[in-house]
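> So the chains spell out like this:
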Amino acid sequence: MTAALFDVPGPQSRRRAAIGTIVAAVLAAALVGLVGWKLYREGEFEAELWQDLGQPNIARAVWLGLVSTLSAAAVAIVLSVIFGAVLAIARLSDHRVLRIPAAIVVEFFRAVPLLLLIVFVFFGFNNLFSDYWSLVLALMLYNGSVLAEVFRAGINAVPRGQSEAAYSVGMLKSQVMSSILLPQAVAIMLPAIISQCVVVLKDTALGVIIAYGDLVFQANLIAEFVDHTIVPLALAALIFIVINYALSRLAVWLEARFARRGRTSAGAARPTDMQLAPTAGGAGD
Amino acid sequence: MDTLVDNRAEIWEGFRLTLWLLLTSGVLATLLGTVLGSFRVSPVPTLRWIGTSYVNVFRNTPLVIILVMSAAFWPTLGFNDVGFFGYNTFVTFAILGLGLYTAAFVCEAVRSGINSVATGQAEAARSVGMTFAQSLRLVVLPQALRAVIPPLTSIYIALAKNTSITAIVGVPEAAYVMRRLSNKFTSDVYAIFFGIAAGYVVLVLVLSVLLRLAERRLAVAR
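Protein sequences, first through last, are from chains P and C.
Numbering follows my numbering, in which position 237 of the first sequence is assigned residue number 272; successive positions increment by one, without gaps.
Numbering follows my numbering, in which position 133 of the second sequence is assigned residue number 204; successive positions increment by one, without gaps.
Because the hints were derived from the structure by calculation, they are not lab data.
Every residue, glycine too, gets a C-beta built ideally from N, C-alpha and C.
Keep in mind that a hint or two might mislead.
[Unchecked claim] Interface residues of chain C toward chain P, partial, derived using beta-carbon atoms under 7 angstroms:
#1 116
#2 117
#3 140
#4 249
[Unchecked claim] Here are a few chain P residues that sit away from chain C, every Cβ distance over 10 angstroms (derived from the structure):
#5 56
#6 96
#7 287
Based on the sequences and whatever the hints tell you, model everything.
See the structure below:
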C-alpha cells in the first residue's frame with residue numbers, strides 16, 4: 036500500500052534513495068554511537084558491572100521476577116476473559132437491569148487508570164488481598180472491561196443472518212448465544228485477545244507501586260545492588276520486548292489465518308477503535 | 072469525604088500536574104510520532120527500518136521501565152537541570168519518557184491513516200510531478216490527519232491515564248497524591264479513591280468530547 040506513495044524507482048530516484056539510505060544510516064549510527072560513547076564515558080558498561088551481573092544470585096532474581104510476572108499475567112488474562120465475557124453478555128442482554136449496570140462498570144473501569152485500581156484494591160479491603168491478588172484483580176477489572184467491548188463488537192460482527200436462522204429453527208436466546216454467536220465470535224476475536232495479553236504483560240510492571248516482586252521490581256533491586264540503572268533495566272526491557280513481539284506476531288498470524296478462511300469479512304469485523312484498543316492500552320494502557 | 076475537602080489544595084495541584092504532563096507529552100508524542108510515521112512509509116529503506124524498530128522497542132516495553140530509564144539516562148547525557156514552567160527536572164524526564172513511549176502508538180496511527188488515503192490521491196499527486204515529500208506534505212498527510220483523529224483520541228485517553236504511572240518515579244501528580252493520602256488516611260480509602268477516580272473520569276470525558284468536536288469540525292466530504 037505504501038508503494039502508492041512513490042513510483043517503481045527509476046535510475047534517478049534509485050540514486051536518491053541510495054543516498055538517503057546512506058545518510059540516514061550514518062546519522063542513526065552517529066546518534067547511537069554518541070549515546071553509547073557517553074554511557075561508556077559515564078562508566079555504564081564497565082567490566083565490574085558485567086561481573087556483578089554474572090553472579091548466580093542475579094540470575095536467580097531475574098528468574099524469580101520473570102516467574103512472578105508471568106504467573107500474574109497468566110492468571111489475570113484468564114480472569115479478564117471470563118469477566119469480560121460476563122460483562123459483554125450482560126451488556127448485550129435484553130434486560131435493562133443487566134445492561135445498564137454492566138455499561139456503567141465497563142465505562143468506569145476503562146476510564147480509571149490501572150495504577151489507581153491497584154492501590155485501591157491493595158489498601159481498600161483491610162489487607163484482604165495480598166500484593167499478588169491486588170495486582171491480578173486490578174488487572175482483571177481493567178482488562179476485563181476493555182475485553183468486554185472487544186467481545187461485544189465481535190458478537191455484533193457475526194452476520195445477522197446467523198442469529199435469525201437460529202431463531203427461525205426455534206432456538207432459545209441462550210442457545211443462540213452459546214452455540215451460534217459465541218463460537219463464531221471467538222474466532223474473530225482471538226487476535227484481539229492475544230494483543231490484550233501484551234497489554235496485561237506490560238501492565239504487571241505496575242505492581243511495583245505495591246512492591247510486588249515482578250521482573251521490573253527485581254530489575255530495580257539489581258540496579259541498586261550493582262549501582263547502575265541503565266543496563267539492568269535495559270535487559271529487563273529486552274525480555275519484555277522478546278515476549279511481547281512473539282505475542283504480537285502470533286496475533287498477526289492468527290488474524291491472517293482466519294482472514295484466509297474467510298471468517299472475517301476483509302477486516303470489517305473489527306472497528307478501528309477496537310484494533311487500537313489493545314495497542315493503545317497500557318498504552319497504554 | 073472530609074479528607075478530600077481538607078486536602079483539596081494538594082489534589083488540585085496533583086491534577087494540574089496531570090494536565091501539564093498530558094499536554095506536553097501529548098505534543099511531543101504527536102510531533103515525533105508523525106515524523107516516525109512518515110519514516111515508515113518512506114521510499115528510503117533505512118528510514119523504514121528505523122521507524123519499525125522504534126515502534127517494536129517502545130511499544131513492547133512497559134512504561135515503568137521507560138520512565139525509570141529516562142530518569143537515569145538523560146543525566147548521563149549531561150541534562151541535569153532541565154526543569155521548566157516551574158516544575159523540576161524529574162517532571163521533564165517523565166514528560167520525555169511518556170512522549171517517547173506514546174510516539175510509538177502515534178506512529179502506528181499515522182501510518183494506518185496514510186494507508187487509508189485513497190491510492191488515487193497519491194497517484195494523482197505523482198502524476199502532476201510532485202516528489203515523495205511534496206505529495207506526502209500537500210496531499211496525503213492533510214487527509215490522513217483527519218482519518219487519524221479517532222485512533223488518536225484513544226491514544227490521548229490512554230496517555231491521560233498513563234500520566235498516573237509517573238507516580239512510580241515520584242512525580243507528584245494525581246495518582247501520587249491518591250497513594251499518599253491512602254497511606255495517611257487508611258479509614259478514608261473509599262472516598263479518596265472514588266474522588267480521584269472521578270477526576271480522571273471527567274478528564275477522559277472532556278478529552279473525548281473535545282476530540283469528537285475537532286473530528287466533526289475537520290471532517291470533509293470524501
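> Now, for every hint given, state plainly whether the structure supports it.
Here is what the structure says about each hint:
| no. | hint | result |
| --- | --- | --- |
| 1 | 116 | 6 angstroms, holds |
| 2 | 117 | 4 angstroms, holds |
| 3 | 140 | 5 angstroms, holds |
| 4 | 249 | 6 angstroms, holds |
| 5 | 56 | 5 angstroms, violated |
| 6 | 96 | 16 angstroms, holds |
| 7 | 287 | 12 angstroms, holds |
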